[in-house]
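> Taking the hints into account, I'd like the entire structure generated from these sequences.
Sequences listed follow chains Z and L, in order.
Numbering-wise, the working numbering puts 112 at position 111 of the first sequence, and it's gapless, one number per residue.
Numbering-wise, the working numbering puts 196 at position 151 of the second sequence, and it's gapless, one number per residue.
Bear in mind the hints are in silico, worked out from the structure with no lab data behind them.
One or more hints might be untrue.
Unchecked claim - Calculated lysine-lysine pairs in the DSBU-like style (CA-CA distance at most 30 Å, straight line):
id, chain 1, residue 1, chain 2, residue 2
1, Z, Lys24, L, Lys167
2, L, Lys103, L, Lys167
3, Z, Lys30, L, Lys61
4, L, Lys61, L, Lys325
Computed from a predicted model, the values in this text were never measured in an experiment.
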Amino acid sequence: MAWEVNNVIAAILVIGVISIAFKDNIFFKFVERIFIGITLGITLTAAYGVIVNNGIIPILQGNYLVIVADIMGLLLLSRFSKSYSWLSRYTLALIVGMSLAIFTRTAISALIIGSIAAVVNTPLITNNLLGTVSNLYAWVGLVAGLVYFVFTTGGIPKQGKPIFNIFSRIGRYTIMIYFGVYFGSTVLGRETVLLERISFVLRTFGIIP
Amino acid sequence: MSDVIKFIRIPKNQSKVIYALIIIVMIFSYTNPILLPLNVDLETQAYYNTIVDLPAGKTILLAFAFDSGQWGALGGAAIATLNLLQTKNDKILISPFSSVEGGLMIQRCLGLQKGGYNALGKYGVDWVILPYGPGDETFYAAMMQEPNGMHTAQGNKDYFGTNMENLPIMDNVHSHKDIDLLICIGGAGAGHQVRQFGVPYGIPILVADIAVDWAELKMFIDNGAVKGGIKDAVGSAELEKLIGIPGIATSTVAGLSLNHLLIIGFIVVGNIQYLYGRYKKRGGK
Numbered sequence: 002m003a004w005e006v007n008n009v010i011a012a013i014l015v016i017g018v019i020s021i022a023f024k025d026n027i028f029f030k031f032v033e034r035i036f037i038g039i040t041l042g043i044t045l046t047a048a049y050g051v052i053v054n055n056g057i058i059p060i061l062q063g064n065y066l067v068i069v070a071d072i073m074g075l076l077l078l079s080r081f082s083k084s085y086s087w088l089s090r091y092t093l094a095l096i097v098g099m100s101l102a103i104f105t106r107t108a109i110s111a112l113i114i115g116s117i118a119a120v121v122n123t124p125l126i127t128n129n130l131l132g133t134v135s136n137l138y139a140w141v142g143l144v145a146g147l148v149y150f151v152f153t154t155g156g157i158p159k160q161g162k163p164i165f166n167i168f169s170r171i172g173r174y175t176i177m178i179y180f181g182v183y184f185g186s187t188v189l190g191r192e193t194v195l196l197e198r199i200s201f202v203l204r205t206f207g208i209i210p
Numbered sequence: 046m047s048d049v050i051k052f053i054r055i056p057k058n059q060s061k062v063i064y065a066l067i068i069i070v071m072i073f074s075y076t077n078p079i080l081l082p083l084n085v086d087l088e089t090q091a092y093y094n095t096i097v098d099l100p101a102g103k104t105i106l107l108a109f110a111f112d113s114g115q116w117g118a119l120g121g122a123a124i125a126t127l128n129l130l131q132t133k134n135d136k137i138l139i140s141p142f143s144s145v146e147g148g149l150m151i152q153r154c155l156g157l158q159k160g161g162y163n164a165l166g167k168y169g170v171d172w173v174i175l176p177y178g179p180g181d182e183t184f185y186a187a188m189m190q191e192p193n194g195m196h197t198a199q200g201n202k203d204y205f206g207t208n209m210e211n212l213p214i215m216d217n218v219h220s221h222k223d224i225d226l227l228i229c230i231g232g233a234g235a236g237h238q239v240r241q242f243g244v245p246y247g248i249p250i251l252v253a254d255i256a257v258d259w260a261e262l263k264m265f266i267d268n269g270a271v272k273g274g275i276k277d278a279v280g281s282a283e284l285e286k287l288i289g290i291p292g293i294a295t296s297t298v299a300g301l302s303l304n305h306l307l308i309i310g311f312i313v314v315g316n317i318q319y320l321y322g323r324y325k326k327r328g329g330k
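This is the structure we're talking about:
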């Protein structure tokens with residue numbers, strides 16, 4: 002793998018991308034444009050394949066209903082005309098409406114009922130201490146997190162409701178912990194991406210086997 | 046004490062110094078690797094067990110829904126999953142789903158799996174690559190539709206433009222009824238898969254995802270909607286360990302440990318600076 006021409010070119014481009022961390026430079030701009038060009042090329046090729054396979058070939062095979070879909074798709078291009086841009090709204094409305102219907106038909110079951118059922122079915126006492134603490138935290142975190150978003154008892158702080166205030170505060174900390182975990186995971190993920198590229202560069206130039 | 050604080054303070058070009066340190070530590074971690082013991086998480090074990098326990102002859106929909114930017118995190122999981130599937134006698138439908146670069150990732154992983162590009166068996170009989178389809182969830186819903194969504198949603202062609210009529214593997218694959226397991230490499234938190242495959246049709250789901258999406262994926266694993274999961278490069282390395290074929294994830298993780306120590310160091314330094322600043326503001330000397 003070391004010093005293969007393809008890899009050497011890729012490794013030089015990787016160094017070009019990393020160079021932006023230190024200063025904006027012409028090498029980075031060059032690499033950036035190559036990246037955008039390639040990405041656009043791949044996207045256009047993929048889109049072309051989809052249009053031909055799903056929008057043209059079926060018509061040639063006698064499935065004339067596809068013409069309706071093609072016309073709806075073409076209407077999107079009317080956005081380029083000031084006079085006829087309103088036509089694109091019909092297609093957009095159809096896309097948004099259909100997508101929303103498909104997204105939400107199972108969302109309640111997948112996101113809400115499933116999660117609540119999982120917590121309700123979680124036993125408070127398990128055969129090890131760590132498991133018990135973890136499950137207890139899941140219960141308290143769920144209740145406290147929900148209480149934090151209850152605004153009907155006098156706002157925040159919920160005046161005259163000491164129990165609510167305690168749970169609301171625990172809920173706030175629970176949410177903060179969640180965001181902390183989320184941020185930590187983000188750092189981990191981004192680091193992994195850079196690490197893999199650094200190892201690629203080192204391998205390409207024969208620094209590591 | 047104040048001298049120490051001044052020493053660790055990096056007032057100018059702070060971000061550049063941090064970037065430089067991270068890159069130096071990354072290079073050092075590869076030239077002097079520290080291999081910490083790798084414990085297999087329950088989620089990774091469940092991912093492995095679900096595939097191993099699946100009876101022979103079943104149909105698996107294997108989605109490569111990730112792009113080149115996620116290669117470092119998920120490339121290892123994708124190759125390890127292919128290596129594991131080689132040991133079984135199932136039918137594999139490989140799909141890029143709605144990832145434009147998914148097709149390229151499939152080609153790359155197939156080339157890097159143990160035994161090379163055709164190690165999964167005969168193309169069109171034992172495995173097939175399906176084409177890209179735009180629309181995310183609407184595309185998945187169309188694929189699963191009866192009577193023949195797996196053909197019509199994909200224009201009746203495979204990734205290379207071959208008619209599905211000429212691919213024997215597709216003779217018995219028509220809709221959700223014919224899919225026994227969905228494995229998704231790169232799932233954006235698994236919400237799409239749970240909504241379109243798991244809840245409506247009861248298809249078992251496995252997901253390998255980047256660390257950013259882990260919080261959402263973990264929720265689905267805990268509530269049983271997803272059977273098992275791979276978390277970023279660390280989970281990928283665990284899967285490589287279970288299969289016994291170390292790959293790119295194992296080498297990535299070797300560098301990750303040292304960098305985490307550096308990040309923890311930054312957090313400690315940042316907190317000391319913050320607390321010292323607050324102390325000074327209150328009139329401390």
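> Checking against the hints above, which ones are violated?
1
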